[in-house]
Amino acid sequence: MTFRKLFQAVVPEGPGNSSDADEASPINIERIAIDQYGSIGSFYNAHDDNVNGRLSVAIKIKYHKSTEQIKCILIKRPAHEHHKLLEFVDIGHQQRLSILLEMTRAAGIASLIDYPQLIDEHTRLFYIYQESHIQSEKDHFHHLKNAVRSSTCETFATHIITKIISGIHLLVILQLTSDKEKEIDVVLKKLQESIINNSPVVKIDSKEQDLLDQIISTTVYSNIDVVTKIKKLPHIYETIIQLQRDDQAHGRLKYILTPIQWFYGHHAIHMLKLILCKSEDIETLEYYLLQQKSELKVLNFCVNHNLFELLQGKCQKQLKNIQEELSELHVLHVKDIERVHNVLLKIRNETINQSLIKEEVSLDSPEEIQQLIKNITNHINALKSKGNLIKQLQSDGFEYCDVADLGIRNGLEGDRINDMLFGNDSHKAIFLSNDKFRNDDQVGWVELYSEMIQESKTNPQLRLVYADFTYSTYTLKKMTTVSSKDMIAKPNPSNSQPSETNIKRKIPSSTPSPSLTNEFINILLLGESGVGKSTFINAFANYLHFQTLDKAQQGKPIVIIPVSFIMTINDNFD
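Residue numbering for the sequence shown follows the working numbering, starting at 30 and increasing by one per position.
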């Protein structure tokens, strides 16, 4: 007989050492049933924690009830960091590594590794683990042994699923509003006690319902797919009570795995063994992976949640640039995971010894990742500062304007820039500045800013605008203020370009001169040809120019009006 290479991944995450092929009973291992499609006789590869098909024989199954007590835990203000959630739901060390290294797909309860929000003092964890029944092989492995020995499963699997524990595995993550935490906690405690005692559905009164409606977000992770689609806590609670009374709807909780090596009896002493023990180096590896994943999630949350809400649609180009940097960082993280993934796989299939892990893989982030994280953090801080400035401006009555959005760029003349800034608005006062001026001359910036606020108090019709040149290619030489009336008083604005002036302009008085009114009136003259519409317009232009009739007679008219002209008469118009 030719002995095939068989691999055994034994992970004593508690007492125990290596297995021996001559032992009467196998040393089994447990894995949380992330893949819900495993069955008695399925192949399991402990190198990457995946179910890989099953034996092609009929297996008699027996069922019996579990006597384990329900575990129902409510955590207030969890000390668990975000990356500790996998451990919190009882997923073992080796399986956590497989999830973190993306060897196995994070489905079911394990998908909580992708929870997008941050765990903080306003978070509540509602955890349930309840075993209901156990499936096992009826004839004590007799048929399994023959089937395993006649297969070639050792080429793609390390274990056989020989027992399945079913039940409810569920984690509800709640984000509470800060002003109602205590009241909501009381209701949560009431629901917890009902589940533990397996009592009928407790009534939720209108006051309690109002409190639960104020929960900001509710996210469910479970081995029972139907529960994960429910978004309201009262409905989740009612579903759990129903599930406690209907174990046919329960999902797979755990797989009990027997090493393939055991099925070969005494022949196994000639087969390759692999024993993975929990070591300090392996724990350090997990910590490194958790830190990397946690750091990426914190940055994503900061950009796509905090910054997005702060900016309220402003600075979209800058926000998009940071999002693109995050995408680049994600790609680098994937490459880094592949690097560590390959090393761990070699350890698990005994290509290298796990004691050499420090020599095989560096647990310091690649320099490229470190530099990119530093850049992203700086850009986030700068945009956060800009968001706070915009919030302050709006609070003080200013409109924020990114001049780059208007198309203001290097090479434009001052008069063109003024036209783009003011348009036809005759009640606009603009503060021209950028981040450099604001940071380098805070005293001067505050002085101009305060002057504009004070002026707006005496002139309620004045529209205050902050023109931000930070993201424009146009070089602003000085920060300054300018108003629509400055443009009227100086008809050649190219002589006073906003970027060239060294004068901090005072905003003119809010009381307009009657002779310099900026009001526009549209007049439509209707009549037949030759009745004098043009004559009237020309006369009206002269009237507006001269203050009195005497001055009009003495001065030079703006528009010449003919005093006589030929008119057609009679019926033939000749």
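Hints are computed from structural coordinates only; laboratory data are not their basis. All C-beta atoms, glycine included, are put in the ideal place defined by N, C-alpha and C. Some hints could be false.
[Unchecked claim] Simulated restraints on C-beta separations:
1) Ile-381 x Gly-342: 22 to 32 Å
2) Glu-97 x Thr-248: 21 to 31 Å
3) Arg-274 x Thr-206: 44 to 54 Å
4) Thr-313 x Ser-414: 33 to 43 Å
5) Asn-453 x Ser-414: 28 to 38 Å
[To be verified] List time: in silico BS3-like cross-link candidates among lysine-lysine, alpha-carbon distance up to 30 Å:
6) Lys-346 x Lys-420
7) Lys-167 x Lys-218
8) Lys-192 x Lys-346
9) Lys-507 x Lys-457
10) Lys-100 x Lys-209
11) Lys-346 x Lys-364
12) Lys-283 x Lys-346
13) Lys-283 x Lys-413
14) Lys-403 x Lys-364
15) Lys-192 x Lys-167
16) Lys-113 x Lys-403
17) Lys-174 x Lys-218
18) Lys-343 x Lys-326
19) Lys-100 x Lys-283
20) Lys-219 x Lys-260
21) Lys-236 x Lys-100
22) Lys-113 x Lys-413
23) Lys-413 x Lys-346
24) Lys-457 x Lys-413
25) Lys-457 x Lys-403
Cross-check of the supplied hints:
1. As the Cβ distance of Ile-381 to Gly-342 is approximately 53 Å, the hint placing it in 22 to 32 Å is violated.
2. The hint said 21 to 31 Å for the Cβ distance between Glu-97 and Thr-248, and at roughly 26 Å that hint holds.
3. Separation of Arg-274 from Thr-206 is about 33 Å and departs from the stated range, judged on CB atoms against 44 to 54 Å.
4. In this structure, Thr-313 and Ser-414 meet the distance hint of 33 to 43 Å, their C-beta atoms being roughly 37 Å apart.
5. Taken as a hint, the range 28 to 38 Å holds for the pair Asn-453 and Ser-414, whose Cβ atoms sit roughly 33 Å apart.
6. Of the supplied pair hints, the one linking Lys-346 and Lys-420 holds, its CA atoms being roughly 18 Å apart against a limit of 30 Å.
7. For the hint pairing Lys-167 with Lys-218, the CA-to-CA distance comes to about 42 Å; that exceeds 30 Å, so the pair is violated.
8. With a CA separation close to 55 Å, the supplied pair Lys-192 and Lys-346 exceeds the 30 Å bound.
9. Restraint check: the Cα-Cα separation between Lys-507 and Lys-457 comes to about 20 Å, which is no more than 30 Å; the hinted pair holds.
10. Note on Lys-100 and Lys-209: the hinted pairing holds, with a Cα-Cα distance of about 27 Å set against a maximum of 30 Å.
11. Taken as a hint, the Lys-346 and Lys-364 pair is honoured in the structure, with Cα atoms around 28 Å apart against an allowance of 30 Å.
12. For the hint linking Lys-283 to Lys-346, the alpha-carbon distance of about 48 Å lies beyond 30 Å, and the restraint is violated.
13. For the hint linking Lys-283 to Lys-413, the alpha-carbon distance of about 46 Å lies beyond 30 Å, and the restraint is violated.
14. The straight-line distance between the Cα atoms of Lys-403 and Lys-364 is roughly 19 Å, inside the 30 Å bound, and the hint therefore holds.
15. A C-alpha spacing of about 11 Å is found between Lys-192 and Lys-167, which places the hinted pair at or below 30 Å, so the restraint holds.
16. Between the alpha carbons of Lys-113 and Lys-403 the distance comes to roughly 25 Å, so the proposed pair stays at or under 30 Å and holds.
17. With a C-alpha separation of about 49 Å, the suggested pair Lys-174 and Lys-218 falls outside the 30 Å cut-off, and the hint is violated.
18. In summary, the hint linking Lys-343 to Lys-326 is supported, as the alpha carbons are separated by about 23 Å, within the 30 Å threshold.
19. Our distance criterion of 30 Å between C-alpha atoms is met by Lys-100 and Lys-283, whose separation comes to about 15 Å.
20. A threshold of 30 Å between alpha carbons decides the hint, and for Lys-219 with Lys-260 the separation of about 19 Å falls inside it, so the pair holds.
21. Restraint check: the Cα-Cα separation between Lys-236 and Lys-100 comes to about 28 Å, which is no more than 30 Å; the hinted pair holds.
22. In summary, the hint linking Lys-113 to Lys-413 is supported, as the alpha carbons are separated by about 29 Å, within the 30 Å threshold.
23. Straight-line distance between C-alpha atoms of Lys-413 and Lys-346 comes to about 14 Å, which keeps the hinted pair within the 30 Å bound.
24. Distance check on the hinted pair: Lys-457 and Lys-413 sit about 27 Å apart at the alpha-carbon level, within 30 Å; holds.
25. Distance check on the hinted pair: Lys-457 and Lys-403 sit about 40 Å apart at the alpha-carbon level, beyond 30 Å; violated.
The structure shown violates the earlier hints numbered 1, 3, 7, 8, 12, 13, 17 and 25.
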